[in-house]
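**Student:** Okay, here's what each chain looks like letter by letter:
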Amino acid sequence: MTKFTPQPDVTGPVPATIHSTSAPHGEGWLSMLRVAVTLFVIMTLLAGIVYPLLVTQIARLFFPWQAHGSLINHAGQHVLSGRQAAGSILIGQYFSHPWYFWPRPSATSPMPYNAAASGGSNTGPTNPALIVNIKARVAALHAADPGNKQPIPVDLITSSGSGLDPDESIAAAYYQIPRIARLRHIPPAKLKALVNRCIIERSLDVFGQRAVNVLELNLALDRAYPR
Amino acid sequence: MTPNAWLQIALLIGTVLLLVKPVGAYMAYVYENQPVPGVGRVLGPMERGIYRVCGISPQHQQDWKRYTVALLLFNLLGFMAVYLLQRWQGWLPFNPAQMPAVAPSSLAFNTAASFVTNTNWQNYAGESTMSYCTQMAALAVQNFLSATTGLTVLVALVRGLARKTTTELGSFWVDLTRSMLYILLPLSLVLAVVLVSQGVPQTLDKYITVHLVQPFHQAGSSATAPSTLITTQTIAVGPVASQEAIKELGTNGGGFFNANSAHPFENPTGLTNFLEEVAILLLPLAFCYTFGRMVNDTRQGWAVLAAMVILLLALMIPCVMAEQAGNPLLVRYCNQQPTPLQPGGNMVGKEARFGPVNSAIFAAVATGTSTGAVNSMFDSFTPLGGLCPIWLIQLSEVAPGGVGSGLYGMLMFVLITVFIAGLMIGRTPEYLGKKIEAFEMKMASIAILVPPSLVLVGTAVACVTAAGLAGIANPGAHGFSEMLYAMTSQANNNGSAFAGLNGDTTFYNVLGALLMLAARFWTIIPTMAIAGSLARKKIIPAGSGTLATNSPLFVFILIAIIVVVIALTFFPALALGPIAEQMQMMAGHR
Numbered sequence: 001m002t003k004f005t006p007q008p009d010v011t012g013p014v015p016a017t018i019h020s021t022s023a024p025h026g027e028g029w030l031s032m033l034r035v036a037v038t039l040f041v042i043m044t045l046l047a048g049i050v051y052p053l054l055v056t057q058i059a060r061l062f063f064p065w066q067a068h069g070s071l072i073n074h075a076g077q078h079v080l081s082g083r084q085a086a087g088s089i090l091i092g093q094y095f096s097h098p099w100y101f102w103p104r105p106s107a108t109s110p111m112p113y114n115a116a117a118s119g120g121s122n123t124g125p126t127n128p129a130l131i132v133n134i135k136a137r138v139a140a141l142h143a144a145d146p147g148n149k150q151p152i153p154v155d156l157i158t159s160s161g162s163g164l165d166p167d168e169s170i171a172a173a174y175y176q177i178p179r180i181a182r183l184r185h186i187p188p189a190k191l192k193a194l195v196n197r198c199i200i201e202r203s204l205d206v207f208g209q210r211a212v213n214v215l216e217l218n219l220a221l222d223r224a225y226p227r
Numbered sequence: 001m002t003p004n005a006w007l008q009i010a011l012l013i014g015t016v017l018l019l020v021k022p023v024g025a026y027m028a029y030v031y032e033n034q035p036v037p038g039v040g041r042v043l044g045p046m047e048r049g050i051y052r053v054c055g056i057s058p059q060h061q062q063d064w065k066r067y068t069v070a071l072l073l074f075n076l077l078g079f080m081a082v083y084l085l086q087r088w089q090g091w092l093p094f095n096p097a098q099m100p101a102v103a104p105s106s107l108a109f110n111t112a113a114s115f116v117t118n119t120n121w122q123n124y125a126g127e128s129t130m131s132y133c134t135q136m137a138a139l140a141v142q143n144f145l146s147a148t149t150g151l152t153v154l155v156a157l158v159r160g161l162a163r164k165t166t167t168e169l170g171s172f173w174v175d176l177t178r179s180m181l182y183i184l185l186p187l188s189l190v191l192a193v194v195l196v197s198q199g200v201p202q203t204l205d206k207y208i209t210v211h212l213v214q215p216f217h218q219a220g221s222s223a224t225a226p227s228t229l230i231t232t233q234t235i236a237v238g239p240v241a242s243q244e245a246i247k248e249l250g251t252n253g254g255g256f257f258n259a260n261s262a263h264p265f266e267n268p269t270g271l272t273n274f275l276e277e278v279a280i281l282l283l284p285l286a287f288c289y290t291f292g293r294m295v296n297d298t299r300q301g302w303a304v305l306a307a308m309v310i311l312l313l314a315l316m317i318p319c320v321m322a323e324q325a326g327n328p329l330l331v332r333y334c335n336q337q338p339t340p341l342q343p344g345g346n347m348v349g350k351e352a353r354f355g356p357v358n359s360a361i362f363a364a365v366a367t368g369t370s371t372g373a374v375n376s377m378f379d380s381f382t383p384l385g386g387l388c389p390i391w392l393i394q395l396s397e398v399a400p401g402g403v404g405s406g407l408y409g410m411l412m413f414v415l416i417t418v419f420i421a422g423l424m425i426g427r428t429p430e431y432l433g434k435k436i437e438a439f440e441m442k443m444a445s446i447a448i449l450v451p452p453s454l455v456l457v458g459t460a461v462a463c464v465t466a467a468g469l470a471g472i473a474n475p476g477a478h479g480f481s482e483m484l485y486a487m488t489s490q491a492n493n494n495g496s497a498f499a500g501l502n503g504d505t506t507f508y509n510v511l512g513a514l515l516m517l518a519a520r521f522w523t524i525i526p527t528m529a530i531a532g533s534l535a536r537k538k539i540i541p542a543g544s545g546t547l548a549t550n551s552p553l554f555v556f557i558l559i560a561i562i563v564v565v566i567a568l569t570f571f572p573a574l575a576l577g578p579i580a581e582q583m584q585m586m587a588g589h590r
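The listed protein sequences derive, respectively, from chains A and B.
As numbered in the working numbering, residues 1 to 227 make up the first sequence, in order.
As numbered in the working numbering, residues 1 to 590 make up the second sequence, in order.
One chain only, chain A, in its complex shape (with noise of 0.2 angstroms):
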């Protein structure tokens, strides 16, 4: 009466641990290449181009001056162009004549505020070189302002991590008052309130240091004081 039918397997599914290497869905070795190889592809579109793409355009329609590198002019205002601008706000330069703010020492190579070779010196604390470069520095302040006797901020002959710092700090800037006022004939409190216009708040009065940004307050100083 009972007809013979292949019964299922009743001691439960197939242990998971057995694959076949022909098994679909990617799981054979030359299908797990495959897989391999078109995903990466497709991650490499999607994250580096796609992506930096997509920021570009976003930047370009919200942000286009913060995007194209911060740039200002003679008269302190936004500009796009590199021909146009006397340099960029987030970026330092070198400034030697002592009737100019001196912005910090910079270890960038072959000279200094070298933006495309951003970098720090590197020298470590006990160095000797360390000691030789403030040295140097300090005979530098001292020889072009000998009346001035104030103790020396530290970050002003002490050289930036990127070796592109546009900031110093406010002491730094109050230090070179003296100097300024004297080769310019300025009154030394007139000085200080365009340092003080200069200053840049810490961001929501908590994050970072407050400092003063040298290539601004120097535009600034040519324009109120021109030489």
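Each hint should be verified, as a subset may be incorrect.
[Said to hold, decoys possible] According to the in silico footprint, chain A covers these stretches of chain B (three or more CB under 8 angstroms from chain A):
id, segment
1, 3-14
2, 117-129
3, 200-206
4, 210-221
5, 260-268
6, 349-363
[Unchecked claim] Computed list of chain A residues with no C-beta within reach of chain B, every gap over 12 angstroms:
id, residue
7, Q77
8, P146
9, R182
10, P187
11, A189
12, K190
13, A193
14, L194
15, A224
In case anyone wonders, no lab produced these hints; they're calculated from the structure.
This structure is a prediction, so every number in the text was calculated from the model and none was measured.
We treat Cβ as the ideally placed atom computed from N, Cα and C, and that holds for glycine.
Use these hints to put chain B onto chain A, whose structure you have.
**Tutor:** Showing chain B alone in chain A's frame:
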């Protein structure tokens, strides 16, 4: 420390902790393969399209060996792509600065190993070496994919803990695709746009040339060489913001520019500095909550998170203090006191907008995670200030470590802790109901001992070879610190440096690349083996004798085990470098 320093640390940790739960819960949706609320409507069709094109069956699960093989294969492709794009960049588009092929080949080899392993050690200066094409399509892509690799390993391990009597750990392809589409790409897009708004450039135009406000004479390279009049400044720009965002979110750390996050274009304001720190800490800490959700006990996640944050703060605070205290050798020459008008402290290699406080906080954040970004130059830190980042890396990058890799590294320590505690109370060690047996212990021991061994052997090799010693920039104990730091950083996939060391030599390029690859994959493979082994086990209900792994006591034991097993391993080496130098400095020697 100034009140502002405490406030900034509190705000940073507080902000990240507030974000842990929402972001962690969101990631739990992603890895439990549920439809993701909100963005799922937009990205879901894209996800399914990718599966169709690649021939991926999203329901198909892999065992630990196939998962690992898929991962290794994918990383091998990434390695080859980064190497070849560097060598061919001269012929490729998006190269307005006309950068030639990256040479020598050992440098391209080191860089490929570095970016594939989420290390981002850089023996090159970005703005003078890499074309925009290489930065975007090779380096930034690996910033994404190496972070994704870390996430996939972690997800597999967590599934191994959460599932029972199965060999299935999920699909590497699906985990990778979902990590990219739902987590890394959207977060990076948002952060990149915010960074642009603050002044980070994003352009494919060529470098900008401006006429200097005050031209100056630059002395020749030798005493007899004529001086040159410098009238212009070339300003390197590029697609910086898109790379900067994933550099932090993926705990990669490889800068677009040589000066990394000290460069005003990578990190222009105090606000960007804070956002970058938050972005670095976000995913490694948030995944602790995801982990808790996936094992159905969020307190397990919080316990691990507590250990991570305590270790991080324990080295962050002394770092801030040491840098704010300044360099006693400079006291005669300048004023290092913090006042409302100046940050003071040790300002060598630091930016005025950050000062010692933000520099030291960033240093701890970027070395406690495997990021290795810097906003100041560690080589110029005070010896104790420099010891903090190096020790944070030497903890094997678990405080809180890299995206994915930090938590799976920490879970290895948890297994060791459970085992040792189990021996002390005479019980079979278990974690989350899984028996921890000889196989798991062997694999966890390998994963934990590989990085320290690589560090110490690598440093020893560098110390006794002429090629190793030739790279040193600073004399004395500091030179040893430079070598120790280089090996520590690469053998823990961190990537920061005491940058004075000249690493672009065949010796350092090849040795470093081997250390990075070994440190990455010799920990991933044992971790995956543990994931496979745990998934096969039953889950035993907790009894009265079970060690609670979510209690403050357990957190304390976990920290103690990490300190004893790892931190003290390096004490002799640290004594020869930073500690010896600190003694010299305090004694007034230079």
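**Student:** Each hint needs a verdict: does it hold in this structure or not?
**Tutor:** Verification of the supplied hints:
1. 3-14: This one holds; 4 residues, not fewer than the three required, reach chain A with a Cβ under 8 angstroms.
2. 117-129: Since 3 is at least three, the answer is holds.
3. 200-206: holds (count 6)
4. 210-221: holds (count 8)
5. 260-268: holds (count 5)
6. 349-363: holds (count 10)
7. Q77: The assertion about A/Q77 holds, with a minimum of 14 angstroms to chain B.
8. P146: Given a closest Cβ separation of 17 angstroms, the condition holds.
9. R182: Nearest chain B Cβ is 19 angstroms from A/R182, so the label holds.
10. P187: holds, 20 angstroms
11. A189: holds, 16 angstroms
12. K190: The claim stands: A/K190 keeps its Cβ more than 12 angstroms from every Cβ of chain B (closest is about 19 angstroms).
13. A193: holds, 15 angstroms
14. L194: Since the minimum Cβ distance to chain B is about 16 angstroms, A/L194 lies beyond 12 angstroms and the statement holds.
15. A224: holds, 15 angstroms
Violated hints: none; the structure is consistent with every hint.
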